[in-house]
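**Student:** Sequence:
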Amino acid sequence: MKSTRTLIRRTVAITTAGAAAFVLAACGSEDTAGHGGGHTSKSPSATASQGERQQNAADVAFAQGMIPHHRQAVEMAELAPERAESAELKQLAEQIKKAQDPEIKTLSGWLASWGEDVPAEGEMGGHGGHDGGGMMTEAEMAGLEKASGKAFDTAFMELMIKHHEGAVAMAKTEQAEGAYAPAKEMAGAIITSQSDEIERMNEMLGKS
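Numbers -25 to -1, 1 to 183, taken from mature numbering (1 follows the signal peptide of the UniProt record, and there is no 0), label the letters of the sequence shown in order.
Please keep in mind that the hints were generated in silico from the structure rather than gathered at the bench.
Misleading hints may appear alongside valid ones.
Calculated cross-link-like contacts (lysine-lysine; reagent style PhoX-like; alpha-carbon spacing at most 25 Å) [unchecked claim]: (1) Lys159 to Lys65; (2) Lys80 to Lys137; (3) Lys125 to Lys137; (4) Lys72 to Lys137; (5) Lys159 to Lys73; (6) Lys182 to Lys121; (7) Lys80 to Lys159; (8) Lys182 to Lys147; (9) Lys159 to Lys125; (10) Lys125 to Lys182; (11) Lys137 to Lys121; (12) Lys137 to Lys159; (13) Lys80 to Lys147; (14) Lys121 to Lys73; (15) Lys121 to Lys65; (16) Lys80 to Lys65; (17) Lys147 to Lys159; (18) Lys125 to Lys80; (19) Lys65 to Lys182; (20) Lys72 to Lys182; (21) Lys182 to Lys80; (22) Lys73 to Lys125; (23) Lys80 to Lys121; (24) Lys159 to Lys72; (25) Lys65 to Lys137; (26) Lys125 to Lys72; (27) Lys147 to Lys137.
Take these sequences, add in the hints, and give me the full structure.
**Tutor:** Pasting the structure below:
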């Protein structure tokens, strides 16, 4: 009789222990699933964040082409205070310099963060594949440096219009083919501002 009771007690104890183990295992499984679910819920935002930072070959070409392009525009603009006759042209040249200097720094920062080469000073670059992008030749630049007065004003505007048209074409390519949102935003600003300046210079040439 005693042996029968002992057997029953042991069976109950084993069953109870088994049930407890099952509950603990279930809790552990739920806890793991909870942590796993939390991790999974964060993944899409992390992936989206990485996607926002993603750049492609068009973004790199835009930055590497626009830096030397802007540098030349700034170089041209810096000639105006001493050589231009028109006060309006001097004001326009200062506007061009103020707009493009900060963009050069921004573009250089992007390339550095992407692990890409920043064009060296004096390097002409690829100009985004736009047949020179309206860049002045060495002879054209030398001629502008020697000009003064009304002759300078006319030469400056004619050359800068061509220069701006090249920049607008490069910016439109970036908007169409680029992936990096800040670069596409800058491209939009370049299209707007430089198209306005082209129109203004054409009007000024018509008056001269």
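**Student:** Determine for every hint whether it applies to the structure shown.
**Tutor:** Each hint tested on the structure:
At most 25 Å may separate the alpha-carbon atoms for a hinted pair to count; Lys159 and Lys65 exceed this at roughly 30 Å. For the hint linking Lys80 to Lys137, the alpha-carbon distance of about 23 Å falls within 25 Å, and the restraint holds. For the suggested pair Lys125 and Lys137, the alpha carbons sit about 19 Å apart, so the restraint of at most 25 Å is met. For the proposed pair Lys72 and Lys137, the alpha carbon gap of about 17 Å is at most 25 Å, so the pair holds.
The suggested pairing of Lys159 with Lys73 holds, with an alpha-carbon distance near 20 Å, which does not exceed 25 Å. Simply put, Lys182 and Lys121 have alpha-carbon atoms about 23 Å apart, close enough for the 25 Å limit, and the pair holds. For the proposed pair Lys80 and Lys159, the alpha carbon gap of about 16 Å is at most 25 Å, so the pair holds. For the hint linking Lys182 to Lys147, the alpha-carbon distance of about 30 Å lies beyond 25 Å, and the restraint is violated.
Of the supplied pair hints, the one linking Lys159 and Lys125 is violated, its CA atoms being roughly 37 Å apart against a limit of 25 Å. For the hint linking Lys125 to Lys182, the alpha-carbon distance of about 12 Å falls within 25 Å, and the restraint holds. Between Lys137 and Lys121 the CA atoms are separated by roughly 20 Å; this keeps the pair inside 25 Å, and the hint holds. Our distance criterion of 25 Å between C-alpha atoms is met by Lys137 and Lys159, whose separation comes to about 22 Å.
Between Lys80 and Lys147, the direct Cα distance comes to roughly 21 Å. Compliance with the 25 Å bound is thereby established for this hinted pair. For the hint linking Lys121 to Lys73, the alpha-carbon distance of about 24 Å falls within 25 Å, and the restraint holds. Distance check on the hinted pair: Lys121 and Lys65 sit about 17 Å apart at the alpha-carbon level, within 25 Å; holds. For a cut-off of 25 Å, the pair hint linking Lys80 to Lys65 stands: about 23 Å separates their Cα positions.
For the suggested pair Lys147 and Lys159, the alpha carbons sit about 9 Å apart, so the restraint of at most 25 Å is met. Distance restraint check for Lys125 and Lys80: the Cα-Cα separation of roughly 33 Å exceeds the 25 Å cut-off, and the hinted pair is therefore not satisfied. At most 25 Å may separate the alpha-carbon atoms for a hinted pair to count; Lys65 and Lys182 meet this at roughly 16 Å. Of the supplied pair hints, the one linking Lys72 and Lys182 holds, its CA atoms being roughly 24 Å apart against a limit of 25 Å.
Taking the CA atoms of Lys182 and Lys80, the gap is about 35 Å. The hint is violated against a cut of 25 Å. A threshold of 25 Å between alpha carbons decides the hint, and for Lys73 with Lys125 the separation of about 23 Å falls inside it, so the pair holds. For the hint pairing Lys80 with Lys121, the CA-to-CA distance comes to about 29 Å; that exceeds 25 Å, so the pair is violated. The suggested pairing of Lys159 with Lys72 holds, with an alpha-carbon distance near 21 Å, which does not exceed 25 Å.
Restraint check: the Cα-Cα separation between Lys65 and Lys137 comes to about 18 Å, which is no more than 25 Å; the hinted pair holds. Pair hint Lys125 plus Lys72 holds up; C-alpha atoms about 21 Å apart against a cutoff of 25 Å. For a cut-off of 25 Å, the pair hint linking Lys147 to Lys137 stands: about 16 Å separates their Cα positions.
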